[in-house]
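Input sequences plus hints: build the corresponding full structure.
2 protein chains.
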Amino acid sequence: MNSRRDFLQKIGLSALALHLAPISGWANGTDHHNEIYDGPVLRVAIMGLGSYGTRVAEAMQTCTKAKLVGVISGTPSKVKEWQSKYKIPEKNCYNYENFDNIKSNPDIDAVYVITPNGLHHDQVIRVAKAGKHAICEKPMAVNAREGQEMVDACKKANVKLLVGYRMHFEPKTLEVIRMRKAGEFGKILFFQGLCGFTIGDPTQWRLNKQLSGGGSIMDIGIYAINGSRYMTGEDPVWVTAQETKTDNVKFKEGVDETIQFQLGFPSGAVASCLSTYTMNNLDRFFLNGEKGFAELLPSTGYGPIMGHTHKGELTQPVTVHQTVQMDQMAGIIFQNKQPVVPIDGEEAVKDLKIIDAIYLAAKTGTKVSIKL
Amino acid sequence: MNSRRDFLQKIGLSALALHLAPISGWANGTDHHNEIYDGPVLRVAIMGLGSYGTRVAEAMQTCTKAKLVGVISGTPSKVKEWQSKYKIPEKNCYNYENFDNIKSNPDIDAVYVITPNGLHHDQVIRVAKAGKHAICEKPMAVNAREGQEMVDACKKANVKLLVGYRMHFEPKTLEVIRMRKAGEFGKILFFQGLCGFTIGDPTQWRLNKQLSGGGSIMDIGIYAINGSRYMTGEDPVWVTAQETKTDNVKFKEGVDETIQFQLGFPSGAVASCLSTYTMNNLDRFFLNGEKGFAELLPSTGYGPIMGHTHKGELTQPVTVHQTVQMDQMAGIIFQNKQPVVPIDGEEAVKDLKIIDAIYLAAKTGTKVSIKL
Numbered sequence: 001m002n003s004r005r006d007f008l009q010k011i012g013l014s015a016l017a018l019h020l021a022p023i024s025g026w027a028n029g030t031d032h033h034n035e036i037y038d039g040p041v042l043r044v045a046i047m048g049l050g051s052y053g054t055r056v057a058e059a060m061q062t063c064t065k066a067k068l069v070g071v072i073s074g075t076p077s078k079v080k081e082w083q084s085k086y087k088i089p090e091k092n093c094y095n096y097e098n099f100d101n102i103k104s105n106p107d108i109d110a111v112y113v114i115t116p117n118g119l120h121h122d123q124v125i126r127v128a129k130a131g132k133h134a135i136c137e138k139p140m141a142v143n144a145r146e147g148q149e150m151v152d153a154c155k156k157a158n159v160k161l162l163v164g165y166r167m168h169f170e171p172k173t174l175e176v177i178r179m180r181k182a183g184e185f186g187k188i189l190f191f192q193g194l195c196g197f198t199i200g201d202p203t204q205w206r207l208n209k210q211l212s213g214g215g216s217i218m219d220i221g222i223y224a225i226n227g228s229r230y231m232t233g234e235d236p237v238w239v240t241a242q243e244t245k246t247d248n249v250k251f252k253e254g255v256d257e258t259i260q261f262q263l264g265f266p267s268g269a270v271a272s273c274l275s276t277y278t279m280n281n282l283d284r285f286f287l288n289g290e291k292g293f294a295e296l297l298p299s300t301g302y303g304p305i306m307g308h309t310h311k312g313e314l315t316q317p318v319t320v321h322q323t324v325q326m327d328q329m330a331g332i333i334f335q336n337k338q339p340v341v342p343i344d345g346e347e348a349v350k351d352l353k354i355i356d357a358i359y360l361a362a363k364t365g366t367k368v369s370i371k372l
Numbered sequence: 001m002n003s004r005r006d007f008l009q010k011i012g013l014s015a016l017a018l019h020l021a022p023i024s025g026w027a028n029g030t031d032h033h034n035e036i037y038d039g040p041v042l043r044v045a046i047m048g049l050g051s052y053g054t055r056v057a058e059a060m061q062t063c064t065k066a067k068l069v070g071v072i073s074g075t076p077s078k079v080k081e082w083q084s085k086y087k088i089p090e091k092n093c094y095n096y097e098n099f100d101n102i103k104s105n106p107d108i109d110a111v112y113v114i115t116p117n118g119l120h121h122d123q124v125i126r127v128a129k130a131g132k133h134a135i136c137e138k139p140m141a142v143n144a145r146e147g148q149e150m151v152d153a154c155k156k157a158n159v160k161l162l163v164g165y166r167m168h169f170e171p172k173t174l175e176v177i178r179m180r181k182a183g184e185f186g187k188i189l190f191f192q193g194l195c196g197f198t199i200g201d202p203t204q205w206r207l208n209k210q211l212s213g214g215g216s217i218m219d220i221g222i223y224a225i226n227g228s229r230y231m232t233g234e235d236p237v238w239v240t241a242q243e244t245k246t247d248n249v250k251f252k253e254g255v256d257e258t259i260q261f262q263l264g265f266p267s268g269a270v271a272s273c274l275s276t277y278t279m280n281n282l283d284r285f286f287l288n289g290e291k292g293f294a295e296l297l298p299s300t301g302y303g304p305i306m307g308h309t310h311k312g313e314l315t316q317p318v319t320v321h322q323t324v325q326m327d328q329m330a331g332i333i334f335q336n337k338q339p340v341v342p343i344d345g346e347e348a349v350k351d352l353k354i355i356d357a358i359y360l361a362a363k364t365g366t367k368v369s370i371k372l
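So the sequences go chain by chain: A and B. Residue numbering for the first sequence is 1 to 372, as defined by UniProt numbering. Residue numbering for the second sequence is 1 to 372, as defined by UniProt numbering.
Don't read these hints as lab results, they were simulated from the structure. You may find that some hints are simply not true.
Same chains, same names: a pair is fine if it fits in one copy or spans any two.
To be verified - When the alpha-carbon atoms are kept at most 27 angstroms apart in a straight line, the in silico BS3-like pairs for lysine-lysine are as follows:
1) LYS187 - LYS250
2) LYS181 - LYS245
3) LYS337 - LYS181
4) LYS250 - LYS291
5) LYS65 - LYS363
6) LYS91 - LYS129
7) LYS350 - LYS155
8) LYS363 - LYS245
9) LYS367 - LYS245
10) LYS350 - LYS156
11) LYS367 - LYS252
12) LYS291 - LYS85
13) LYS181 - LYS85
14) LYS371 - LYS156
15) LYS155 - LYS103
Predicted, not measured: the structure shown is a model, and the values here were computed from it.
Here it is in structure tokens:
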């Protein structure tokens, strides 16, 4: 059966298989590729050893500033496998019952929560209470209220809360953002984000409302939502949305199959987006301005991002997104570095507010105002 | 100042300048390119000698089945110019007051109405009453009610009513339609049509509600509307729409600047479209099915249409759209031939019903049902 991860792998070459060198320098170009790093290394425990957790673990093998040192899992056999594969000591292995004990473990700095969406809220708050920095896969939570509680808990515990927005470090994406900031597209007028894939196994947690918090919007539409903001450089002020369901068995109540949504921005720019679990051949971003345009295709998959602008092809290097992300997170946590586009809990809450508004707009058929 | 026609010329190579050979055979491939034509020639008078009328006149110079033989214009100097350029006899020249007299002219078979949208209704009905076949540029009218009256008038007068849907004869477009009918895309899931350009001269008739009947939707959005039907092979059953206006001076009350609209089809397929007078770099069609996709870019401009599908690049020949259209119209009028996609008044009324629904949806913010 297809899984989302399988699909994302298929839509481009497997970056992992290519053993591509990660960019170790900062995305803004102030650091150098071949710098020798002698700063602190971010020691990370991964919570949730599924397919994406595995991808992150593999990618971290080439990190220079971050290191996989622990695991949290409910499956002892997986823990054993990871221990052996990544040389993880017994004392850094936890399960979902006892991981609060991580508090007294001085060899772990941060926990990367890569579990089903519906579990993030409680797990991240437990991580915070254990005094560890929390890294959380997106969507950070299943709604903005839960997301805000996570932000508050981390603030209270004086730990960082970062979210796995891997595109915020992707070189071609950053080049488009640089061009936009430099005015090379002129006034921004339109963004289009088409995100989706044909989801396989109907029994997977992504199709279980309690675990996923929703459907395609949560899992893949969030790329268009977040992308609409970093591509245009604005936060939307209204949203309209239309839901279409062709398969009521696979996509049960509360699990969206296909949602079209439109966003309006303060400048007058508009966005037109599609999120779906029923089609492949998407993964397209298009940004249009008065003076030029940018197109990313594929735009958010794991494989090489490709794209062009009115000036020609984008030739920035191909990176392993998760390797770069984890290295950058070390700098954010230890040196308070600021990425070009934020990846903190507040950024995630903005996306969750938009998701809340999309669901409300789809349900009511009305234009919903957004205040971020 | 930019005009729409200037823009459409710019977005691709000028097909006219290339002196490309038109396809004289039928688009469905049953006729041959080099056939010797000895059937009746459609003798056409053009009403409205503006930039598009000029384009049609030029394109008709290489027609084999249609011939420009007359003009109807309110500008005597233009009439003189055309008479000299195209060898049009004095007796085939009319103005807007006296063109009903065309009734008694045995040397004209049809009148191609290429005037501002708001004038089509009355002019086409006068053409029908004069007993001549009417060819009308799109949009055929400014609303469905007027359109239906035109259809009824032509039926009553026993003359044909054809509309200038030039894309219905464009080879790459027809190949996508053939592939869709053959099931090569599988079940159709999604259509996207992005149509627009930055309109220039604020004094032009296209920005005058009385003459244009609306704004960008009338002029360029209609390509996405009509395209959504011939690309998916279905007629929509609902529409939602969002209007955005950033310039209230240039785009007055009733003249839309930018409208996003979404369509739902009986099969569950959806469409996401954009119509605008405020951005270039658009002219994109994307059709997505369960088994494959097609992309046309540019999709409806005058220059060479380009595109690809999941099978590769579309390599069908480049044609001068207006030449092929006029030759094909001769066959439709004299031999009752049926094009792959209809180009008659009923087809145009369907688009006008969708336009009515889009304006209503944008105004009310509701999902509007459509019955075509």
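Against which earlier hints does the structure fall short, listed by number upward? Checked against the structure, the hints that fail are numbers 5, 12, 13, while the rest are satisfied.
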